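Top to bottom, those sequences are chains A and B. Okay, so the first sequence: first residue is 1 according to my numbering, each after it adds one. Okay, so the second sequence: first residue is 1 according to my numbering, each after it adds one.
These aren't lab readings, by the way, just hints derived from the structure by calculation. Computed from a predicted model, the values in this text were never measured in an experiment. Possibly wrong hints are sitting among the right ones.
[What the hints assert, rightly or not] Pairs of lysine-lysine residues, derived as DSBU-like cross-links and limited to a Cα-Cα distance of at most 35 Å, are as follows:
hint, chain 1, residue 1, chain 2, residue 2
1, B, K516, A, K591
2, B, K155, A, K591
3, A, K360, B, K284
4, A, K403, B, K516
5, A, K360, B, K313
6, A, K403, B, K313
7, A, K358, B, K155
8, B, K530, B, K516
9, B, K13, A, K591
10, A, K358, B, K313
11, A, K360, B, K495
12, A, K591, B, K530
13, B, K363, A, K358
14, B, K172, A, K591
15, A, K403, A, K83
16, A, K308, B, K197
17, B, K155, B, K13
18, A, K403, B, K13
19, A, K591, B, K243
20, B, K313, B, K392
21, A, K360, B, K324
22, B, K495, A, K591
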Amino acid sequence: MEKSGSVDSLGSKQSSSRQPSVDSLSSTSTSRSDRSSHAKAPSAVSSESVSTSNEFSPQLRTFQDSSKEPQLLPKETIQDVAKDVTYICPFIGALRGSLTVTNYRLFFRCIDRDPVFVLDLPLGVISRVEKIGGASSRGDVSYGLVCKDIRNLRFVHKQPEDTLKKSVFEVLMKFAFPVSNNLPLFAFEYSQEFPENGWKVYDALAEYRRQGLPNESWRISKVNDHYELCDSYPSALVVPVTIPDEELRRVAAFRAKGRIPVLSWIHPESQATVIRCSQPMAGVNGKRCKEDEKLLQAIMDANAQSHKLFIFDARPSVNAVANKTKGGGYESEDAYQNAELVFLEIHNIHVMRESLRKLKEVVYPNIEESHWLSNLESTHWLEHIKLILAGALRIADKVESAKTSVVVHCSDGWDRTAQLTSLAMLMLDAHYRTIRGFQILLEKEWLSFGHRFQQRVGHGDKNHTDADRSPVFVQFIDCVWQMTRQFPTAFEFNEYFLITILDHLYSCLFGTFLCNSEQQRVKEELVKRTVSLWSFINSQLDEFSNPFYVHYSSHVLFPVVSMRHLDLWVAYYIRWNPRMRPQEPVHLRHKELLAKRAELQRRVEELQREVANRATSSSSDRPGSPTRSITPVQTFV
Amino acid sequence: MEHIRTPKVEQVKLQDRFSNKSITGTLYLTATHLIFVESNSTSAQEIWILHHHIASVEKLSLTTTGCPLVIQCRNFRVVHFVVPRERDCHDVYSSLLRLLRPVSYEELYAFSYNPKQNDEQREEGWQLIDLAAEFERMGVPCDQWQLTDVNREYKVCETYPRDLYVPITASKPIIVGSSKFRSKGRFPVLTYFYQEKKAAVCRCSQPLSGFSARCLEDEHMLQAISRANHNSRFVYVMDTRPKLNALANRAAGKGYENEDNYSNIRFQFVGIENIHVMRASLQKLLEVVGTRALSMTDYLQGLENSGWLRHIKAVVDAAIFLAKAVTVEGASVLVHCSDGWDRTAQVCSLGALLMDPYYRTIKGFMVLIEKDWISFGHKFADRCDQLDGDSKEVSPVFTQFLECVWQLTEQFPQAFEFSEWFLIQIHEHVHSCQFGNFLGNNQRQREELQIKERTYSLWAHLLSEKQNYLNPLYNPILAETNPVLEPSTQPCFFKFWRNMYHQFDRSMHPRQSILKHILTLTENNRELEKTAQTLKAKLQKLGVSTSPLGLYTPSRERALPPRPQSLILGAPLSRKEAQQDEEEEEAVFGEEAREDEPPGSDGERTVEGSSATENGYPELQGTFESKSEPAIVSLEFGVARMTC
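Let's have the full structure, built from the sequences with the hints guiding it.
Below you can see the structure in the form of structure tokens.
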């Protein structure tokens with residue numbers, strides 16, 4: 001029996017959230033038993049990785065065998081079981097039960113309660129395990145687990161008297177931080193087969209072909225085929241035809257980490273482009289690079305519609321200036337004529353990390369009632385979201401309305417730049433708003449262009465104080481969610497899709513978000529050795545589809561970035577709080593209506609055919625075909 | 001009208017509140033309205049503002065372009081005119097000052113408004129809501145509660161209605177005695193009866209207890225209420241005020257019930273602030289959200305400092321307490337505040353709304369307002385400033401109630417038959433003075449004014465366009481399975497009601513609405529069903545029998561008349577108008593236009609949403625929304641946009 005899915009999109013109501021039900025999957029599949037078995041295990045995983053939200057709303061969860069013991073995934077093995085562990089739930093209080101640690105998950109179960117209380121999370125979400133204080137008089141030791149997904153867990157366990165025996169938490173620490181313990185990540189062991197291979201979703205050349213590239217102004221360069229020009233860039237790069245590869249090498253020397261300006265997206269009509277790169281190495285002396293200037297000129301010339309170029313530097317101008325002392329900097333207007341430099345004032349990864357840390361303090365475990373709004377304000381999280389969205393909006397507006405090409409960079413061009421270009425592309429190109437299109441967008445702008453997922457998330461690494469960690473990607477998904485709220489019919493995916501992506505960002509179940517760059521992924525042979533998250537998602541699209549979606553192929557979205565339209569993503573950040581009870585599912589009603597429409601349409605067509613048949617057969621005695629008087633059925637939503 | 005000095009001013013500029021945009025047009029001043037007509041002949045937007053809606057007029061100091069005139073309305077519209085000549089500006093200003101301060105009820109719009117109905121229709125309209133029938137629906141009178149005629153002539157309490165329901169054991173002397181011990185004579189009477197547990201919700205005003213006074217009749221009265229309910233041995237007495245306020249009242253010879261004197265009560269303070277705090281709070285809120293280029297910090301802190309959402313939460317909390325006491329414990333509850341016509345009305349009506357699904361229907365909500373607000377004497381005339389009166393008496397108590405209901409509809413999107421547009425329309429007409437329902441302060445006054453003979457009922461008007469107010473997500477089956485709503489009161493569930501307070505600020509409206517989407521879908525299905533029916537009929541004529549149609553029983557959607565154009569959601573505007581304002585308009589019209597297109601067609605690139613301005617904050621952009629007014633004047637186009 002499958003679980004009837006987790007209802008983790010608690011608290012969401014306007015957003016088109018989802019109703020996971022594995023039944024719907026099996027009923028739509030052709031080879032029923034076959035497919036549901038595929039979907040079963042990972043869906044259990046995904047649901048459980050987020051499903052602690054249900055533990056408090058048991059009516060939503062059918063407690064099957066799965067709650068008695070963890071349903072193990074293929075290659076998942078139990079490492080240790082400890083009875084008599086106490087989980088200090090911040091909402092219910094102390095719960096005694098058994099704790100199971102596998103090489104993938106932590107599973108806690110308390111049978112004293114009715115219904116049975118279950119806590120089931122992938123070890124990947126654990127950021128830090130700490131012993132709190134020494135052993136109490138009864139020999140109890142307290143452990144705190146700080147998680148990456150906005151919650152903290154606390155357990156109390158008796159220290160084993162036999163000092164040779166390891167505590168379950170020592171086992172847990174070993175498997176929670178496999179990288180630090182020279183163990184493989186679980187993704188390399190997990191080998192579930194899915195009907196679809198998610199690694200095939202993205203093909204750089206196919207995506208550029210879809211955009212109409214190469215064309216008379218743009219070529220696909222092989223200069224980075226072996227990642228020699230830039231080890232954090234993909235192998236296929238789109239550059240102006242007028243710039244030969246040798247000049248690109250010289251540009252690479254002038255751009256931080258060799259991340260030269262390359263094309264990310266081209267407007268299908270105006271040929272205005274979105275270009276990304278890293279900061280120029282201008283330094284305090286304002287060093288210049290002829291080839292770089294020529295490249296930017298060529299980018300401008302490739303777009304006949306405009307004789308200007310906008311350079312969006314995502315950083316606050318002070319930071320950009322400060323970077324000069326470290327050899328970096330920004331494009332001076334003397335060197336780059338016809339280019340206009342704009343600073344978007346978005347803060348760096350450290351500020352963002354701090355902001356999310358504060359947000360976690362405000363929302364977990366409990367919300368302070370009297371100062372909710374000012375506490376929320378003090379985190380500045382929404383302000384950062386607003387700045388990022390506003391920046392992306394300006395980029396999209398320049399490309400769409402002013403038909404001008406834009407160059408986007410920050411310092412290294414893999415954090416804020418990725419946020420901005422991908423959001424702008426999401427606004428400009430409806431293809432990226434489909435489920436597969438969004439996967440392509442992530443594969444392209446985030447994974448292939450080297451957002452450093454390994455460093456930013458710290459997969460399996462116990463060094464939780466690492467300054468390279470930052471929730472840049474979470475922030476991006478939050479921005480996408482804000483857009484889906486403003487345009488509920490424009491996105492093919494639902495809220496559950498976004499939450500699932502974030503859950504598997506940490507779970508280390510799939511290979512998708514491992515490593516820092518395409519080069520590393522190739523080297524680690526991720527495609528061969530791990531499963532893609534998209535395999536899992538694309539094998540059960542029903543779960544992730546937005547029932548409100550209407551496909552308009554060439555439709556540009558300009559969201560409102562006024563704070564009156566931005567909200568905290570309660571269904572993600574506050575989902576562990578049991579008082580965030582699920583809202584009535586609006587989308588169900590909508591699905592019902594859609595089904596009804598399909599049924600009626602079928603019926604009408606059937607009748608029309610029948611009438612037509614009848615009419616032709618009896619047309620001799622009935623002048624005027626009856627079908628003609630029938631109003632054509634228009635199918636608009 | 002003798003007060004109008006200049007009926008028409010040309011070349012007046014209307015400036016947008018959140019941007020630097022402006023349009024030029026002509027300003028007309030009529031006996032009932034201030035009208036602005038854009039001079040651009042092709043679009044000719046019109047804005048009609050009813051004088052009663054104007055809360056304040058302010059003349060700012062002269063600038064190079066002319067004399068600015070800022071008008072704030074009670075429906076949260078703010079318009080900013082620039083009149084080229086100061087003289088004209090002054091004329092309009094002083095005329096308005098007089099016009100927006102009617103001195104007698106006879107001057108109110110309701111007495112001149114005529115929707116072309118005959119007397120019979122008008123009378124029917126007034127008979128739509130029958131409170132006696134409502135009490136019957138609750139199961140009153142019954143073996144424990146009876147109708148009393150003690151207030152037939154408004155002798156015991158002039159702010160109460162004539163028909164009152166009291167416990168069967170409460171004799172006339174007890175009632176009269178109790179009323180003498182209660183502020184304004186508002187003694188405890190029944191307002192809602194929870195049949196399932198025979199528990200009653202009663203309301204009254206504060207006792208005149210001072211520091212030590214007691215009244216045996218009043219104690220008897222509470223005992224009678226207690227005895228009428230066999231489920232519980234005590235009655236909850238909810239004093240909706242903060243304790244401090246109640247204590248202060250004791251010095252004035254008023255106060256609260258002493259638990260020692262009343263043998264069987266449980267006393268509870270709830271802590272809802274008074275009308276002055278609420279007025280100031282809303283004022284602060286409006287200042288915050290009216291700021292141009294508002295930063296996130298100012299917004300969130302301003303929202304919190306205004307306290308508005310905290311006050312909303314306090315009212316909802318009180319209602320939840322009431323509903324729990326009645327439905328879970330089966331105890332009767334007596335609710336009061338100071339006079340028992342503001343906070344008491346809020347808590348009683350919201351509590352009943354949580355308990356009884358009937359009040360969550362369109363008709364039921366009207367009954368609820370008629371009962372707890374109109375008949376029990378919420379002072380609409382004073383609170384809404386209908387006549388030129390004491391500004392200290394003005395307070396957004398009723399607005400607050402509507403907002404509480406809205407917050408509930410957000411948490412329970414399927415539980416209400418009506419949409420937020422219905423709430424906004426009621427709010428609009430509470431202030432418009434176009435219908436008689438809300439005129440005056442109490443039933444007695446309304447009878448003196450011969451409201452039913454001389455004005456029309458809002459309820460009839462709203463019911464006649466009922467389909468505009470329907471919530472497409474409404475699921476009546478839920479009302480049977482979960483009749484009692486249990487809202488969550490986590491602070492993140494209380495949100496700023498953008499569509500109410502920014503109703504007329506086009507740039508603040510959302511771009512797409514699920515509501516609209518579902519409405520279209522529902523209509524589609526209805527069409528399809530009709531087509532199928534026609535086809536079936538045709539086939540039958542042709543002599544073929546068909547299987548019964550579909551699997552679905554077309555429940556309540558079938559009988560609805562077609563949705564009229566240009567009302568709430570997504571009324572297509574004329575294309576002519578659409579071409580006017582490219583960016584912003586394009587956004588909305590684009591969407592409308594696309595509805596005619598089959599999905600997936602490769603049309604031209606369409607833009608949705610406002611475009612980014614140079615500073616990246618498109619909220620500064622925006623054009624004015626307006627269009628020719630429909631037959632009923634104060635219907636504003638704002639909401640039509642807002643939900644789109």
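Hints versus structure:
1. Between K516/B and K591/A the CA atoms are separated by roughly 15 Å; this keeps the pair inside 35 Å, and the hint holds.
2. Taking the CA atoms of K155/B and K591/A, the gap is about 58 Å. The hint is violated against a cut of 35 Å.
3. For the hint linking K360/A to K284/B, the alpha-carbon distance of about 30 Å falls within 35 Å, and the restraint holds.
4. Pair hint K403/A plus K516/B holds up; C-alpha atoms about 33 Å apart against a cutoff of 35 Å.
5. Taking the CA atoms of K360/A and K313/B, the gap is about 24 Å. The hint holds against a cut of 35 Å.
6. Distance restraint check for K403/A and K313/B: the Cα-Cα separation of roughly 48 Å exceeds the 35 Å cut-off, and the hinted pair is therefore not satisfied.
7. Of the supplied pair hints, the one linking K358/A and K155/B is violated, its CA atoms being roughly 62 Å apart against a limit of 35 Å.
8. With a C-alpha separation of about 21 Å, the suggested pair K530/B and K516/B falls inside the 35 Å cut-off, and the hint holds.
9. Proximity of K13/B to K591/A is assessed by CA-CA distance (about 48 Å); at most 35 Å being required, the pair is judged violated.
10. Distance check on the hinted pair: K358/A and K313/B sit about 25 Å apart at the alpha-carbon level, within 35 Å; holds.
11. Proposed proximity of K360/A and K495/B is supported: the alpha carbons are some 20 Å apart, at most 35 Å.
12. At roughly 21 Å between alpha-carbon atoms, K591/A and K530/B fall within 35 Å of each other, so this suggested pair holds.
13. As the CA atoms of K363/B and K358/A are separated by approximately 47 Å, the hinted pair breaks the 35 Å bound.
14. The straight-line distance between the Cα atoms of K172/B and K591/A is roughly 59 Å, outside the 35 Å bound, and the hint therefore fails.
15. The suggested pairing of K403/A with K83/A is violated, with an alpha-carbon distance near 66 Å, which exceeds 35 Å.
16. About 76 Å separates the Cα atoms of K308/A and K197/B, which puts this hinted pair outside 35 Å; it is violated.
17. With a C-alpha separation of about 55 Å, the suggested pairing of K155/B with K13/B is violated against the 35 Å cut-off.
18. For the hint linking K403/A to K13/B, the alpha-carbon distance of about 33 Å falls within 35 Å, and the restraint holds.
19. A threshold of 35 Å between alpha carbons decides the hint, and for K591/A with K243/B the separation of about 50 Å lies outside it, so the pair is violated.
20. The straight-line distance between the Cα atoms of K313/B and K392/B is roughly 24 Å, inside the 35 Å bound, and the hint therefore holds.
21. Our distance criterion of 35 Å between C-alpha atoms is met by K360/A and K324/B, whose separation comes to about 33 Å.
22. Distance hint between K495/B and K591/A is fulfilled; the C-alpha atoms sit about 27 Å from each other, no more than 35 Å.
Checked against the numbered hints given earlier, this structure breaks hints 2, 6, 7, 9, 13, 14, 15, 16, 17, 19; the rest are met.
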